[in-house]
Amino acid sequence: MNTVAPGFIETTAAHRLIARLAVSSGTDEVGARHGLMDSLGGIPIGRPGRPEEVAELIAFLVSDRAASIHGSEYVIDGGTVPAI
Amino acid sequence: MSEATHFSFDPTEFAGKRVLVTGGTKGMGEAIVRRLAAGGATAATTARSPASEGQAAELFFLSVSG
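For the record, the sequence lines run as chains C and E. Mind the numbering: the first sequence is residues 1 to 84 in my numbering, read in order. Mind the numbering: the second sequence is residues 101 to 166 in my numbering, read in order.
Read the hints as simulated data drawn from the structure, not as lab findings. Note that the Cβ used here is the ideal one computed from N, Cα and C, for glycine as well. Hints are supplied without guarantee of correctness; some may be wrong.
Claimed, not checked - In silico lysine to aspartate or glutamate, EDC-like type, Cα no more than 20 angstroms apart, as pairs: (1) E/K126 to C/E53; (2) E/K126 to C/E56; (3) E/K117 to C/E56; (4) E/K126 to C/E52; (5) E/K117 to C/D64; (6) E/K126 to C/E10.
Claimed, not checked - If we take Cβ atoms under 10 angstroms as the criterion, some of the chain C residues that face chain E in the derived model are: (7) T12; (8) A13; (9) E52; (10) I58.
Excised from the complex, chain C in its bound form (with noise of 0.2 angstroms):
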């Protein structure tokens, strides 16, 4: 058993809710994106992840070339700072 622990990916929901933001805000999509990174405390690769980065992780994980992993967690959040 392994665990993946996502940080910000930009899922179509996660979209949802930058266009959101951004209308609420007054700014636009990509202003409101950054706006959410910064409340991360910043993602190092400056951008969300995508789902499919994602699904590579679990598709290695689940994957025979990773038999021998066992009990582990794997952060997946483009080095996103710890905000506290």
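The hints should help you fit chain E onto chain C, whose structure is shown.
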């Protein structure tokens, strides 16, 4: 953020495997179902909302209520 992400993969890697992905019709779950199915797995998933148009051909759905 709209550019597609395509990674190379072995389309037979998961041949003969059966997987269950909960919450697999949207977001990360959908990406996981699609990735494992693309790798040859038979993927089943659960959802709290109906499938979107265009999903049914690739995904087997187990519907759950609530």
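Hint by hint, here is what the structure shows:
1. E/K126 to C/E53: holds (15 angstroms)
2. E/K126 to C/E56: holds (16 angstroms)
3. E/K117 to C/E56: holds (17 angstroms)
4. E/K126 to C/E52: Roughly 12 angstroms separates the two Cα atoms, so the pair holds.
5. E/K117 to C/D64: Satisfied, since the Cα-Cα distance of roughly 11 angstroms is no more than 20 angstroms.
6. E/K126 to C/E10: holds (12 angstroms)
7. T12: holds (6 angstroms)
8. A13: holds (6 angstroms)
9. E52: holds (4 angstroms)
10. I58: holds (5 angstroms)
Checked against the numbered hints listed earlier, the structure breaks none of them; every hint is satisfied.
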